[in-house]
Amino acid sequence: MIKAVLSGDMPRSVVLASILGLILFCLALAPFLFPGVRTVDTAARICVFVVLVASYDLLLGYGGIVSFAHTMFFGIGAYGVALASTHLGRGFDALAGGALAGAGVAAALAFVIGLFSLRVRAIFFAMITLAVASAVAVLVSQLSGLTGGEDGLTFQTPRELGPAFKFGDELFGVKLNGKLLSYYLVFTGSLILFLLMLRVVNSPFGRVLQAIRENDFRAEAIGYRVVRYRVAATCLSAAVAALAGSLYAIWLRYVGPDTTLSMEIMIDILLMVVIGGMGTMYGAVIGATVLVLAQNYLQNLMGAAGSAIEGLPVLPQLLDADRWLLWLGVLFILSVYFFPTGIVGRLRRS
Amino acid sequence: MSDPILRLEGVCTNIAQYHILQGVELEVPRGAVTMLLGRNGVGKTTTLRTIIGHWRAHKGRVLLDGQDITHMPTPAIARTGVGFVPEDMGIFANLTVEENMVLAAVSGPIDSARLDWVFQAFPPLKTFWKSEAGNLSGGQKQMLSIARAMVEERRLYLIDEPTKGLAPAIVSTMARALRELKAQGASILLVEQNFSVARALGDTACVMDDGRIVWSGAMSELATDAGLQERLMGLSMDAH
Amino acid sequence: MSMAPEHAPRMARLSLAQRLAPWMPVLLVPILIVLGAVAIPNTSSWLTLTVSGLAMGMMIFLMASGLTLVFGLMDVINFGHGAFVSVGAFVGVSVLLMLGGMTGAPSLALNLAAMLLAVIGAMLATGAMGWAFEKVIVQPVYGHHLKQILVTMGGLIVVEQLIIVLWGPEEIYISRPEALKGAITFAGAALEKYRLVAVGFGLVVFAVMRWTLRRTKIGLIVRAGVENGEMVQALGYRLRLVFVGVFIAGSALAGLGGVMWGLYQEVVTAHMGNQAMILIFIVVIIGGLGSVEGCFIGALLVGLMQNYVAFLEPKVALISNIGLMVAILMWRPMGMIPVVKAK
Numbered sequence: 001m002i003k004a005v006l007s008g009d010m011p012r013s014v015v016l017a018s019i020l021g022l023i024l025f026c027l028a029l030a031p032f033l034f035p036g037v038r039t040v041d042t043a044a045r046i047c048v049f050v051v052l053v054a055s056y057d058l059l060l061g062y063g064g065i066v067s068f069a070h071t072m073f074f075g076i077g078a079y080g081v082a083l084a085s086t087h088l089g090r091g092f093d094a095l096a097g098g099a100l101a102g103a104g105v106a107a108a109l110a111f112v113i114g115l116f117s118l119r120v121r122a123i124f125f126a127m128i129t130l131a132v133a134s135a136v137a138v139l140v141s142q143l144s145g146l147t148g149g150e151d152g153l154t155f156q157t158p159r160e161l162g163p164a165f166k167f168g169d170e171l172f173g174v175k176l177n178g179k180l181l182s183y184y185l186v187f188t189g190s191l192i193l194f195l196l197m198l199r200v201v202n203s204p205f206g207r208v209l210q211a212i213r214e215n216d217f218r219a220e221a222i223g224y225r226v227v228r229y230r231v232a233a234t235c236l237s238a239a240v241a242a243l244a245g246s247l248y249a250i251w252l253r254y255v256g257p258d259t260t261l262s263m264e265i266m267i268d269i270l271l272m273v274v275i276g277g278m279g280t281m282y283g284a285v286i287g288a289t290v291l292v293l294a295q296n297y298l299q300n301l302m303g304a305a306g307s308a309i310e311g312l313p314v315l316p317q318l319l320d321a322d323r324w325l326l327w328l329g330v331l332f333i334l335s336v337y338f339f340p341t342g343i344v345g346r347l348r349r350s
Numbered sequence: 001m002s003d004p005i006l007r008l009e010g011v012c013t014n015i016a017q018y019h020i021l022q023g024v025e026l027e028v029p030r031g032a033v034t035m036l037l038g039r040n041g042v043g044k045t046t047t048l049r050t051i052i053g054h055w056r057a058h059k060g061r062v063l064l065d066g067q068d069i070t071h072m073p074t075p076a077i078a079r080t081g082v083g084f085v086p087e088d089m090g091i092f093a094n095l096t097v098e099e100n101m102v103l104a105a106v107s108g109p110i111d112s113a114r115l116d117w118v119f120q121a122f123p124p125l126k127t128f129w130k131s132e133a134g135n136l137s138g139g140q141k142q143m144l145s146i147a148r149a150m151v152e153e154r155r156l157y158l159i160d161e162p163t164k165g166l167a168p169a170i171v172s173t174m175a176r177a178l179r180e181l182k183a184q185g186a187s188i189l190l191v192e193q194n195f196s197v198a199r200a201l202g203d204t205a206c207v208m209d210d211g212r213i214v215w216s217g218a219m220s221e222l223a224t225d226a227g228l229q230e231r232l233m234g235l236s237m238d239a240h
Numbered sequence: 001m002s003m004a005p006e007h008a009p010r011m012a013r014l015s016l017a018q019r020l021a022p023w024m025p026v027l028l029v030p031i032l033i034v035l036g037a038v039a040i041p042n043t044s045s046w047l048t049l050t051v052s053g054l055a056m057g058m059m060i061f062l063m064a065s066g067l068t069l070v071f072g073l074m075d076v077i078n079f080g081h082g083a084f085v086s087v088g089a090f091v092g093v094s095v096l097l098m099l100g101g102m103t104g105a106p107s108l109a110l111n112l113a114a115m116l117l118a119v120i121g122a123m124l125a126t127g128a129m130g131w132a133f134e135k136v137i138v139q140p141v142y143g144h145h146l147k148q149i150l151v152t153m154g155g156l157i158v159v160e161q162l163i164i165v166l167w168g169p170e171e172i173y174i175s176r177p178e179a180l181k182g183a184i185t186f187a188g189a190a191l192e193k194y195r196l197v198a199v200g201f202g203l204v205v206f207a208v209m210r211w212t213l214r215r216t217k218i219g220l221i222v223r224a225g226v227e228n229g230e231m232v233q234a235l236g237y238r239l240r241l242v243f244v245g246v247f248i249a250g251s252a253l254a255g256l257g258g259v260m261w262g263l264y265q266e267v268v269t270a271h272m273g274n275q276a277m278i279l280i281f282i283v284v285i286i287g288g289l290g291s292v293e294g295c296f297i298g299a300l301l302v303g304l305m306q307n308y309v310a311f312l313e314p315k316v317a318l319i320s321n322i323g324l325m326v327a328i329l330m331w332r333p334m335g336m337i338p339v340v341k342a343k
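These protein sequences, in sequence, are chains A, B and C.
Taking the UniProt record's numbering, the leading residue of the first sequence gets 1, the next gets one more, and so forth.
Taking the UniProt record's numbering, the leading residue of the second sequence gets 1, the next gets one more, and so forth.
Taking the UniProt record's numbering, the leading residue of the third sequence gets 1, the next gets one more, and so forth.
Keep in mind that the hints were calculated from the coordinates and are not lab data.
Please note: incorrect hints may appear among the correct ones.
What the hints assert, rightly or not - Derived DSSO-like pairs: lysine-lysine, alpha-carbon spacing no greater than 27 Å straight-line:
1) C/K217 <-> B/K141
2) B/K130 <-> C/K217
3) B/K126 <-> B/K141
4) B/K126 <-> B/K182
5) B/K164 <-> B/K126
6) B/K126 <-> C/K217
7) B/K182 <-> B/K164
8) B/K59 <-> B/K126
9) B/K141 <-> B/K164
Chain A with its partners taken away, still in its complex shape (with noise of 0.2 Å):
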């Protein structure tokens, strides 16, 4: 049963098993076991990062491909839930239509730039993904008239979830109101499309995947049309970040360009996906739990510290809290040399 749900690719650890059940069951259990505004909006985070990430190894891992395009495509999905609500009036119809609309241009435009690069150079790939979405970002926060700019769209979603809906009185201590709904929305969206990438990495397309990441050479030797399963696993990598965005916007009623197409969140999703492990899949749950984590409540602690060493020089501002991704990227660099397969690749290994 639990073989067919994690289409057969099982975690192949103790370890990794019994890490990855924790986090299914704080996750699931995230707003009556961590009661809290802060700290049930850092697991929702972790659920909508989870599948983010995790259509980006689709991407990286698996097919071998690097995009800087990521976050443009978590954008769309959550500025098309913005844009629905906002046009459509509050309601699930707008929800739903604006996440599969986003889905929709965020796969249409995966699938230009994927034939315009991917037919060259897959190195190509990588440029002009950093380039179109760097251009879409700055076109996003100067069209204000339709995006509210850099200050981003503030919109209703229905009124099932919001705090203001009670079904009922309290279970558990916890109010069981709109807000409660909408974490169990996300999370369960996010379990889906979990699981959905997990069955598309195992499936033959997954394999087909995996060869040409190994040797496209050879795969096209062999009658495979690389460049079309290299731009089909780009518009599918697209249309799920798009739908990780939404579900991101549905969460936090407001999008912007900070939270969903700046570079920062691309750094982080490179480094979630690197430090999980790269083409693993599981390695997007651990990856993004641990920065999410560690982002939230470590970064107070590297503040701390370098309050604590205040009058050295240098030594305070390398260790101020806005510093962070200083070290994240030394973390980084490391991991790319010494784990190439991240923490998941170490605890299968051992």
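Given chain A's structure and the hints, the job is docking chains B and C onto it.
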């Protein structure tokens, strides 16, 4: 006979997971032309590429004039005086003929007497001196490729199939140039499929099969023994 | 050899289009300038925009040339190239700020001397950094594109953060040297002095670079190496050493571009290299990866496009360059001047 200019002792070379050379024992005598013969795919090109260091022997030794060059970097091997003409000619198509030749003269400006000699062997190179090498015909490219090796005096020339796919008239130009090189007392290790060229130029011959040298001896001996050719290479050379 | 008597092949007359084809990339620049003149009826505005477009193009060329050569020579794609732009700008600006006495004086000689010192400082710093970057970041991932992209991107993040550690998180404003402020009027158009200097400077660097590549032995080795590195080694040249040299030179040029760019915008930020990378990538892709000439033409096209469109419809300036890239890739999928590899 004096000691050989080049000696390979039990050289094994792997490319990816394939064992291409499986213990090559080869001696190239000084001041003579040694033919490296054999069917396609038995390791002749790999042998040359291992000597110049493009591929690395993982077992055995390559000795040039007694010096162990097995693990020397390619540029250092070349600078000890090894001229290499690869199978694909390796000319720089975006550079002019002149620029190709200037690069080939590693130790300094081209010696003008030597250049005259090269021009006399390959007249088209003089005509197209300032043209891009990519615009030359196939035969002219091959001339340039050999001329690059000839432009300086080398201790050893490694030449891989200089007549491959060329018109008969150009083949004879090549053969004449190589004979002149030989007349200067050069030591040459030559891979050649064209038998008449091989017979005309070769002093000694080594026949390879399946990554090993299976026969070596005087070229004249091999040339006159059709049965031996049949046995070693699966077909009689006279048929060519 | 004698000619076969009866066989007398004649060259078919090439059509105009066929004869123009090799020159098309070069012709694109004047074509774009003419299109600009059509779209912008006001001649003086057009002239101003053309000069600033060319100036911008020259600076992008400085920044991009190293990237394209490094790729051509060793098949190494450096996503951290933008870091050199930022570091160059910060070092150069710091030098200029220290030389306030020289930049503030209304003397062209003193001003240019200060700028020269700033440029030298920036190039030394970024050259040294390039050497370290090559050793630490790039060398372990030779021949592995995916890792190269990831690791060099990581390097960019680290360098960007280190800039903030060393120079603080705020952007630094810098005014141009006294004699380079303001504009001269030509045919009714205001042409900023600094931009004219940038155009001249860019042309000189391009000329020196071309001369080095065409007329010196080291240039020959580089060009030959782009085509067939294995053969260059078989001739006896240590390509590895040449590559490190090119990497250092390319980094120093990026640093030079960074200083010029910082003075052009009169402000430097830690992210400026990252932003420049967008244009740099567009330029090297449309130019043809590995081609210096293609990079030069591509940079001019991008600079002009950016300025014309920014004048006509500011919001779509950056997108217009994406459009330019798409159009050129549809015409020539490997870029305007594709580099032919032996293998």
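Okay, the hints, checked on the actual structure:
A C-alpha spacing of about 21 Å is found between C/K217 and B/K141, which places the hinted pair at or below 27 Å, so the restraint holds. Under the criterion of a C-alpha separation no larger than 27 Å, the hint pairing B/K130 with C/K217 is consistent with the structure, at around 16 Å. A hinted pair counts as satisfied when its Cα atoms are at most 27 Å apart, and B/K126 with B/K141 qualifies at roughly 13 Å. Between B/K126 and B/K182 the CA atoms are separated by roughly 22 Å; this keeps the pair inside 27 Å, and the hint holds.
About 23 Å separates the Cα atoms of B/K164 and B/K126, which keeps this hinted pair within 27 Å; it holds. Proposed proximity of B/K126 and C/K217 is supported: the alpha carbons are some 21 Å apart, at most 27 Å. Taken as a hint, the B/K182 and B/K164 pair is honoured in the structure, with Cα atoms around 20 Å apart against an allowance of 27 Å. A hinted pair counts as satisfied when its Cα atoms are at most 27 Å apart, and B/K59 with B/K126 does not qualify at roughly 44 Å.
Distance restraint check for B/K141 and B/K164: the Cα-Cα separation of roughly 12 Å lies within the 27 Å cut-off, and the hinted pair is therefore satisfied.
Of the numbered hints given earlier, the model fails hint 8 alone.
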